[in-house]
Amino acid sequence: MNTRFERICRPAQGLCLLLLMAVATPSSAQLRILACETEWGQLATEIGGDLVQVKNASAPGQDAHHIQARPSLLAQVRRADMVLCTGAELETGWLPVLLNRGSNPAVRQAPGLFLAAEQVDRLEIPVTLDRADGDVHAMGNPHVHLDPHRVITISRQLAERFAQLDPDNADAYRQQQQAWQTAFEAQISDWEAQAASLKGLNVITYHRTWSYLLDWLGMNRVDELEPKPGLPPTPGHLATLVRKADEQQVGLILYRPINGDDAASWLAKRTAACAVELPFSPGEEGTNTLASLYSTVIQRLSTAREQCLQETT
Amino acid sequence: MKQFYVASALLAASSSVLAAEDNSNNPLAAFNPAFSVIFDGMYYSDNVKGEGAALLEDADSAFHSHGGHEEHEHGDLKRGFNLNETELTMSGSVDSYFDAWLSAAISSEGDFELEEAWIRSQSLPAGLQVKAGRFLSAIGYHNEKHPHSWNFADQNLAYLSLFGDHGVSGDGIQLTWLAPTDSYLQLGLEITQGDNLERVGSIIDAEHVAEDITAELGPTVTEEDLNLSEQDGPQLGVFTLRFAPDLGTQRALQLGLSAARHQDSQSFHEEGGGELFVTEGDTDVYGAQAVYKHFASGQYGKGGWSIAGEYFYADSDQEAVFHSDPAELGLPVTSEQGAAYVEANYGFAPRWQVGLRTAASGIGGEFSEGDETEEVRLSRQHSAALTWYATEFSKLRLQFNRNDVHGHDGSEEYNQVFLQYNLSLGAHGAHTF
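Chains as they are written, first to last, in this note's numbering: chain A, 1 to 313; chain B, 1001 to 1433.
Chain A with its partners taken away, still in its complex shape (with noise of 0.2 Å):
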């Protein structure tokens, strides 16, 4: 091989170390990172830097309930450092499969396997599980990475992560999620500053998506359109949310694009409350990384919520 450079390379050697720089670098001293969702593959990317390589499972918006199991993801198990979940259940449908055929020992378990919403306590554990209750998740509501206190310390626990499987970098590791959690804090701050007129705001949401957002801001949530976790709206439960919409004075309707606008919708003509429509994963439109997921959110709320007020007046 490396006689073949030489050769090669003889009549242009700048050019040709620079070729040889950018094929031999990467990948053999990175982590390789299997994110199963965007926003854990966009926190290590801003943690980790140019120090790993991150492969996200799913797109940006996709419902992470429901993943396919597909044969390139199993590909990328098998090389995996470290798979990078939400856990808490989210992603029993497939996660188990990934790992169980995945061929790769090393992310079974911890520290391989890192399972982000079980770094911090969660919101609705259940008291008693029946499935005629619908998708409830045991270990409740998985769904922390839209309150940025959850994702700081979840930060620096996956820093420390990357610092035990990784340990020739761990210094560098714990200086960018330092450097990282110093920029985000401040942006907190702004972010609460702002969104200061929605505390108290009851709303109505699609999904159990919201709950670390509406807990973080304040927020309450009134009730889901969906009649149960994981079943889609039905006519007979959306004409009761209309008379509690009112009674309860809901000031908007929070969806995701996943969910479609029908259900949000037709709530809305019915009632005083607004339908707006948020990104909840980094990658969807307008947010490339988490602190843009927040602050688009919390503006595309203020404005429905200025909006609407306006319209009912």
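FYI, nobody ran anything at the bench for these hints, they're computed from the structure. Be a bit skeptical, because a hint or two may be false.
Claimed, not checked - Label-pair distances were calculated between CB atoms; the ranges are:
{"hint": "1", "chain 1": "A", "residue 1": "LEU51", "chain 2": "B", "residue 2": "ASP1282", "range": "50 to 58 Å"}
{"hint": "2", "chain 1": "B", "residue 1": "ALA1179", "chain 2": "A", "residue 2": "THR153", "range": "46 to 54 Å"}
{"hint": "3", "chain 1": "B", "residue 1": "ALA1179", "chain 2": "A", "residue 2": "VAL242", "range": "51 to 59 Å"}
{"hint": "4", "chain 1": "B", "residue 1": "GLY1303", "chain 2": "A", "residue 2": "ALA138", "range": "45 to 53 Å"}
What the hints assert, rightly or not - Simulated pairs of lysine-lysine, BS3-like, Cα-Cα distance not exceeding 27 Å:
{"hint": "5", "chain 1": "A", "residue 1": "LYS199", "chain 2": "A", "residue 2": "LYS228"}
{"hint": "6", "chain 1": "B", "residue 1": "LYS1302", "chain 2": "A", "residue 2": "LYS55"}
{"hint": "7", "chain 1": "A", "residue 1": "LYS269", "chain 2": "A", "residue 2": "LYS199"}
{"hint": "8", "chain 1": "A", "residue 1": "LYS55", "chain 2": "B", "residue 2": "LYS1395"}
The structure presented is a predicted model; accordingly, all values stated were derived computationally and were not measured. Where is the CB? At the ideal position from N, CA and C, for every residue including glycine.
Following the hints, complete the assembly by docking chain B onto the known chain A.
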């Protein structure tokens, strides 16, 4: 009945294990162990006096043999209400070295059958995994699917004609290697006893066949007179190759090839004119598969579609080791035929899926005894299914089959209708691709 209590005890035990687990950060806590019961039943009808299922099983084939090891019961499906097999499964990690899977079926009569019981290594390096025990062969894409994850209520005619209703499974060992590449490339090798195949690679119950021959011919024919070699050790070897390029998050394609050899297949033939003979030899099976899936962009499966197709070709070279006419001993008997199916499924609305399937058996089939060659006639099956997924745990399905079957007694064109429910109680295992 006794087995049922064992199963209930298992269920009770596993739920108490689950209840005892706290929400600690043990990553696989929620996945381990998983226990589920699958309920399956249907209302069935056809316009051939309830013989629809039996006619399909008797479709013309180069691989018909009498006196099979497990004489198959015909016409399992009756007009009206049918309780299909109730399946119990239990799976999970044994420790950090192994995971294990158990599945057993209880028939409507209460018979208990161990379908799968395997352990699989989880700590071998270099992308290697070993599975041991009783397992479904990876010989085909559809073969590894459990009936509750089928897109149709019944087995397709292609599989039915070559592998039987339950497909290929066996007791043995499977070694797989997953290549360290961006594309998925998996090689597999299976060695199994090969003593329970229903069609291709089937063996006969020598004692039973000897009795039949005695009854037919008069003079006593013993098991030894059949000159069959000892069925000793593993008889079936299967080699598989699967490849899947990385097409991103919205779609996936998987291509596969397989080749199998059964070293000691046996058949018993009864020809017109009172000719009776037993043959023995080896059987080769070659398979090719392609599966394309476009994942749903909407919720509850809306907008997702898939196409899967498989082709198999089987070829058996046997010799008469016993013949009612001693002059014909050593007569070469060969059977060969292909089978194929293609199915397409589309999630046209949230929770609703429509599926179309076409299957054929006896493709290019020939059965030869010495110089005489008989062509196998082609049989076809066309199906349409409409499935409503109430949740991922329960579904209802309406299916229509139009069959054009060539059997022993001429050809028959007829319809079948299935109204099926399929529910899973308990842990719902993650689905493979």
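The hints, checked one at a time:
no. : hint                             : verdict
1   : A:LEU51 - B:ASP1282: 50 to 58 Å  : holds (56 Å)
2   : B:ALA1179 - A:THR153: 46 to 54 Å : violated (38 Å)
3   : B:ALA1179 - A:VAL242: 51 to 59 Å : holds (57 Å)
4   : B:GLY1303 - A:ALA138: 45 to 53 Å : violated (30 Å)
5   : A:LYS199 - A:LYS228              : holds (26 Å)
6   : B:LYS1302 - A:LYS55              : holds (26 Å)
7   : A:LYS269 - A:LYS199              : holds (24 Å)
8   : A:LYS55 - B:LYS1395              : violated (34 Å)
Figure legend: structure checked against the earlier numbered hints; hints not met, in rising order: 2, 4, 8.
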